[in-house]
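Residues per chain are reported as follows:
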Amino acid sequence: MNTPLKWYAYGHDFGNAEIGGVMAYKDQVLSHSIPTAFAKVDTSAMKSLGVEMENAYVIRMYGEETAYAVGELALQQAIESYNGRGDMQRYASHFSLRGLLTVASLLIPDAVFGLYVVAGLPAETYIKNVTLRNEIKAALDGTHLFTFNGLMRCVTVEVAVVVMEGAGALIAYGERKSGKTMESAVVDLGGRTTDLYVARGQVPVTDFCKGKPLGVETATQLLIDLCERKYDRTLSLLEAREVMYSYASNGQRALPDISVYGHPISGENLARLASEAVAQIGSEIVSFVSSAWRQNDRGAVAASFKPVLCIGGGVYYFYAAMKKRIPHLSRPEDPIHANAVGYCTLASRLLQRKLATTVAADDASVNGLSKV
Amino acid sequence: MSEDMEQYQYFTVGLLKNSFALEALKADALKYHMIEQPDKLIALRLTEYYELLARVTPTHLEMPHPTASSADVEVSFRESLPVEREAQPAYRVVNEIIAASPDADQNADEAADYWAKL
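Protein chains in written order, with this note's numbering: chain A, 1 to 372; chain B, 1 to 118.
Rather than coming from a laboratory, the hints here were simulated on the basis of the structure.
Label pairs and their computed distance ranges (CB to CB):
| no. | chain 1 | residue 1 | chain 2 | residue 2 | range |
| --- | --- | --- | --- | --- | --- |
| 1 | B | Leu-22 | A | Trp-7 | 46 to 52 angstroms |
| 2 | A | Ala-360 | B | Pro-102 | 27 to 33 angstroms |
| 3 | A | Gly-63 | B | Lys-26 | 56 to 62 angstroms |
| 4 | B | Lys-26 | A | Leu-5 | 53 to 59 angstroms |
Owing to the predicted nature of the structure, the values given are computational and were not obtained by experimental measurement.
Cβ atoms here follow ideal geometry from the backbone N, Cα and C, with glycine treated the same way.
Work out the full structure, taking the sequences as your base and the hints as a guide.
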């Protein structure tokens with residue numbers, strides 16, 4: 001029996017700090033994100049050593065001997081896990097595919113399904129690297145057979161379109177403008193970069209679309225440097241991230257225990273270092289945005305844009321500093337998935353169009369046959 | 001404790017028995033040796049709450065200036081009520097947190113027309 005494949009609209013956000021996914025599934029919109037970290041693992045050796053396997057995501061493609069840990073397990077088990085930072089080709093890599101399949105497998109239990117995908121690229125990369133869009137499609141498209149945490153899955157991926165990052169957030173949260181001069185703007189405070197996106201309607205205004213390598217991970221690296229300088233203690237990436245998460249949670253999440261030469265570093269001192277790192281990188285981000293979107297010599301920044309959305313995980317760290325410079329700044333409730341939610345909405349619409357075209361073509365074919 | 005009506009405004013506060021807030025307050029008082037002073041602890045935690053809110057969403061709390069008169073306070077409070085802000089559609093901004101756009105489907109249509117042809 002030939003059962004038709006069930007297709008779902010999917011927004012894929014392959015960030016350099018987090019991999020986010022949003023899926024339209026049975027009248028629900030599901031979202032999830034995991035740290036961008038991949039490491040080759042030997043699962044049987046890990047199990048025999050009693051390595052904690054909770055929140056462990058292991059994916060192995062059919063026909064390959066190598067299994068990859070994705071997310072937290074990769075951070076825990078590898079000194080240097082792959083995150084693809086600085087490599088623009090990572091968007092079109094097998095890591096992007098593994099990240100997509102991992103998040104999709106976490107979102108739904110189906111063993112066999114299809115994903116109609118909209119993905120994003122930073123605006124500057126999108127403009128400068130035209131061929132990358134086709135390379136992303138080539139890397140992700142296809143039917144992929146793999147095991148996820150030991151269970152077999154078969155997922156067919158079709159990339160509908162690749163858009164500029166920021167476009168997703170304006171689809172999900174932007175106003176529909178009647179005037180053609182009004183611009184909407186997005187500040188995407190990511191893990192590694194801050195990306196600016198401005199559009200009239202849904203059409204980007206490239207002069208205002210810029211990026212700079214500043215983000216949460218920059219602040220995390222500064223925290224590591226500050227701690228090393230002050231205490232001669234080099235925090236691991238995992239430890240530094242925990243300190244930063246605790247800072248962002250306003251005390252809701254406990255600080256990790258950090259010691260140097262057998263003596264603990266107090267939580268107060270760790271929080272102070274994190275605060276200094278966030279303040280310093282925050283001021284650099286504000287300076288970059290102010291320079292890119294300065295509109296007059298009186299210091300107006302993004303004054304004519306409406307709305308100005310602040311999205312990305314950096315919202316939890318830098319929003320207050322940004323708000324001082326752009327008073328009409330606003331943020332979605334879930335800033336981390338803001339782009340991916342819009343990608344998913346766009347993917348749904350494109351999937352509807354595709355299905356409608358297919359049905360119309362089938363009808364035409366049937367009519368054509370009947371005429372014959 | 002004697003009341004200083006000149007300096008403070010006093011409230012009678014009721015917390016639902018067995019509620020999460022009451023249990024949390026009791027645990028908090030026990031942890032910080034303040035079981036004899038629940039009123040002070042409530043004042044402290046309320047202050048921290050508003051400080052946190054001001055930090056996370058600074059313009060949500062358009063605090064009156066400390067020297068403002070009670071009339072100013074009243075006006076400021078009323079101005080902060082969302083129902084009075086007719087210039088903005090009701091769905092838009094709640095405490096600076098922007099809700100999903102009711103135009104999302106139309107935005108997606110427009111975006112599909114643009115991005116699909118590139």
